[in-house]
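Residue numbers (my numbering), protein chains in the order written: chain L, 3 to 290; chain E, 18 to 301.
Some clues are possibly wrong.
Stated by the list, open to error - Once the Cα atoms are required to be at most 27 Å apart in a straight line, the calculated DSSO-like pairs of lysine-lysine come out as: (1) E/Lys206 <-> E/Lys154; (2) E/Lys93 <-> L/Lys195; (3) E/Lys233 <-> L/Lys195; (4) L/Lys237 <-> L/Lys195; (5) E/Lys154 <-> L/Lys100; (6) E/Lys116 <-> E/Lys93; (7) L/Lys218 <-> E/Lys85; (8) L/Lys227 <-> E/Lys93; (9) L/Lys195 <-> E/Lys154; (10) E/Lys182 <-> E/Lys93; (11) E/Lys233 <-> E/Lys154; (12) E/Lys116 <-> E/Lys206; (13) E/Lys233 <-> E/Lys93; (14) E/Lys93 <-> E/Lys45; (15) E/Lys45 <-> E/Lys233; (16) E/Lys233 <-> E/Lys206; (17) E/Lys257 <-> L/Lys227; (18) E/Lys233 <-> L/Lys218; (19) E/Lys154 <-> E/Lys45; (20) E/Lys182 <-> L/Lys195; (21) E/Lys206 <-> E/Lys93; (22) E/Lys182 <-> E/Lys85; (23) L/Lys100 <-> E/Lys257; (24) L/Lys100 <-> E/Lys85; (25) E/Lys154 <-> E/Lys182; (26) L/Lys100 <-> E/Lys93; (27) L/Lys100 <-> L/Lys195; (28) L/Lys100 <-> L/Lys74; (29) E/Lys93 <-> E/Lys154; (30) E/Lys116 <-> E/Lys85.
Think of the hints as simulated: they come from the structure by calculation, not from any bench.
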Amino acid sequence: MSIAKILVPLTGSQKDRVALDTAFALARRLGAFVDAMFVHPDVREALPLTDMPISPEILQSIIDAAETAKKKAAQAARESFSMAAAQSDARIVSVPEKGDPVATTYREETGHLREVLDREAALCDLVVFPSVAGTDPASMRQSLIDVLTHQGRPVLLCAERASRTAGSSVLIGWDGGAAAAQALTASLPILEKADAVQFACVRPDGGSERPLHDAKEYLSLHGVKSSETLIEAPKLSVAEELLETAAASEYDLLVCGGYGHSRMLETVFGGTTDYLLSHATVPIFLAH
Amino acid sequence: MSLAKILIAVDGSERDACALMTAVRAAKLFNAHVAALFAHPDPAEVLPLIGVPLSAEAMGAIVGGNIKIFRAAADKIRETIAQVCRAEGARAVSTPVRKDAVTISFREAIGHPPHVIGAAASLSDLAVMAPCAESPKAFETALDLTLAQRRPVLLAASPPRAFRKIMIGWNNTAPAAHGISAAIPFLQKAEIIEIVCLQPPGGPDFNADPVTAYLKAYGLACSEVHLRVLGSALHRSLGKFASEHRADLLVIGGFSHSRVRETFFGGVTNEFLREPPLPVLLAH
């Protein structure tokens, strides 16, 4: 119901910094705690699976190489973390705590990203992912989808560059569906602190179960004022229209329901969510 | 962040009073608005399915009868709301607004009740429901649909109470974690929080450390007790344990969309949901 604990998975890549900066910026708005977690697979898994006998020396050299790679990645993650924390004036603590300035912790976990997140995401309020556009390992993208659809935790997907104001003016993609309602209620803690909130209605055909009026009424009970814009006769796909509108009016957060249709339908028809995942030009808050 | 809109499904039955009282007691913690919703089918569509064509008069009489029944129920609900307002110092309002006291609005909606309730719940912070022993199907469908929208549900139990002491059922699973994050607004207002670790005999040991760490991020402290129970007796034991220790609210997660009632540790008995010994907060 509120956002007090933000989890940021780190892999030692350059994108860690973007995720951390965005997470700290949001944490400062919300007074939340940032849990930075470096995840690396067990080095023993680097060994090839083969029936051929491998000499102990070669085995050792593979393990050593994997160990070195892991150390390097961990060091890069630690560096990104300490730089981001210093720049955001965050206090580094060992156990979660609430407070101002923002408190944060860094830890290292061994295992596959998906498995570790499966365990760790349940007891946090938001998971911040770096941009998954381009040449990223599929594991990051798949982890994001898992957290969203299996764990049912909200996700913040960063854009290519860090946004230091993420959450100050928010655009909400609204089609009256259950997923949109879920994203709206999940992002409420951010909306309550935002300076401007606008709905972008993408299917203004009226007969929906959740008319825009109800959504605006819900927000106003929480003391959040909102305005709306209609995307009538869209020339582009829904996802493109949303990103265009967000970029054109300089919104720094887009809130959307993720996978409103079943995952399979989205895959078959090249869904809105998949497009958003690959083309995030502004930070996107997703809930399912 | 706190609760601002609490949805309550009412139907003009005796159960409304207890559910409304529970909703208002919860709303008082946050000075929230209580939106009472009476969902019923279109009177013209509730016709008996029989093989012979009905005469126009007969149809007219049935529709007229339905209208009368729904109108009587709506009147009864307004009366109950007025009573609860007097007893609890709440204010009846015509449209959802928040004032310096708890406000209650009432609206009727036409449609298949569980669907209407589920859709309305998706734009509320909490749905309060009164367990129904007479028509468990409709109640359970509404419960399923609301939980499927990932909104928490507060099951009312008699007598309604303030939410001072809260117990959380914990079995070290993601579903139980969902229950906890949904209960945060209540936990922030509670005086005592107790985590009850539910350990099946012979099962792996676990403790409440992940929960304690999560609650610390909210600045909340809690204590931990361990209860060894068999899966089949889980909910009865937990309910009994919580009422014996005078808890005002029991928090459990672990309800999945379709066969909701069977997944938290393999067996929420239907009786438990139909007649909970104390108010229960459920989340999926």
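Going straight from one Cα to the other, do lysine 233 of chain E and lysine 206 of chain E come out at no more than 27 Å? 15 Å, holds
Holds or violated: are the alpha carbons of lysine 45 of chain E and lysine 233 of chain E at most 27 Å from each other? 25 Å, holds
For a C-alpha distance cap of 27 Å, please report whether lysine 154 of chain E and lysine 100 of chain L respect it. At roughly 43 Å apart (the allowed maximum being 27 Å), lysine 100 of chain L and lysine 154 of chain E break the hint.
Would you check the hint for lysine 182 of chain E and lysine 93 of chain E, treating anything up to 27 Å between C-alpha atoms as holding? Violated. Lysine 182 of chain E to lysine 93 of chain E sits at ~33 Å, over the 27 Å cutoff.
For lysine 100 of chain L and lysine 74 of chain L, compute the direct alpha-carbon distance and say whether it is at most 27 Å. 32 Å, violated
Please verify whether lysine 93 of chain E and lysine 195 of chain L have alpha carbons no more than 27 Å apart. 41 Å, violated
Assess, step by step, whether the Cα of lysine 93 of chain E is no farther than 27 Å from the Cα of lysine 154 of chain E, and give holds or violated. 23 Å, holds
Checking one constraint from the list: CA of lysine 182 of chain E to CA of lysine 195 of chain L, max 27 Å. Satisfied? 30 Å, violated
Tell me if the straight-line CA distance from lysine 100 of chain L to lysine 85 of chain E falls inside 27 Å. Roughly 56 Å separates the two Cα atoms, so the pair is violated.
Hinted pair lysine 227 of chain L and lysine 93 of chain E, Cα distance within 27 Å: 35 Å, violated
So if I understand the rule, the pair passes when the alpha-carbon distance is 27 Å or less; does lysine 100 of chain L with lysine 93 of chain E pass? 47 Å, violated
With a cut-off of 27 Å on the C-alpha distance, tell me whether lysine 100 of chain L and lysine 257 of chain E pass. Violated, at about 34 Å.
Checked against the numbered hints above, the structure breaks hints 1, 2, 4, 5, 7, 8, 9, 10, 11, 13, 17, 18, 19, 20, 21, 22, 23, 24, 25, 26, 28 and 30 and satisfies the rest.
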